[in-house]
Amino acid sequence: MKITFNSSVSKTFKDQGRITNAIQKNLVIIIAGYLIVRPALAQELSDNSEIIINCDSCHNGVSAEDPDLRGQQQKYLEAQLEKFRNNKRVHSLMSIIGRNLSDEQLKELAKYYSQNIR
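In this note's numbering, the protein residues as written are 26 to 143.
You can take every hint at face value.
For each label pair, taking beta carbons as the anchor points, the in silico distance ranges come out as:
id, residue 1, residue 2, range
1, Ser127, Tyr101, 16 to 22 Å
2, Glu107, Ile44, 34 to 40 Å
3, Arg43, Asp91, 19 to 25 Å
4, Lys136, Gln49, 26 to 32 Å
Because the hints were derived from the structure by calculation, they are not lab data.
Since this is a predicted model, take the numbers as computed values, not measurements.
By construction, the Cβ of each residue, glycine as well, lies at the ideal position given by its N, Cα and C atoms.
Please take these sequences and the hints and turn them into a complete structure.
Have a look at this one:
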């Protein structure tokens, strides 16, 4: 059995896809802009729990698009965050976030995720 859609339904699906892509791109730009405007964000935080909450918003195992970091090896996570920081690994958002992490925060994040089992 073949299901066909009339042209207006097909156009609606295409439009929704374009809108979703535009929203995702704009969201990345907004977040990146915020982080660029506030480059001292990581240094301002005396408690790293806020950073962990921010990271968990993507890396919590819920999203199929973002890797679940829970249970990953600490040294591997430290190395990847260091690569983002030094632009040896590039991602539109993670490269900006990596630049703003102190050495202590980077190590604490890696430790948190390595001890947080799925």
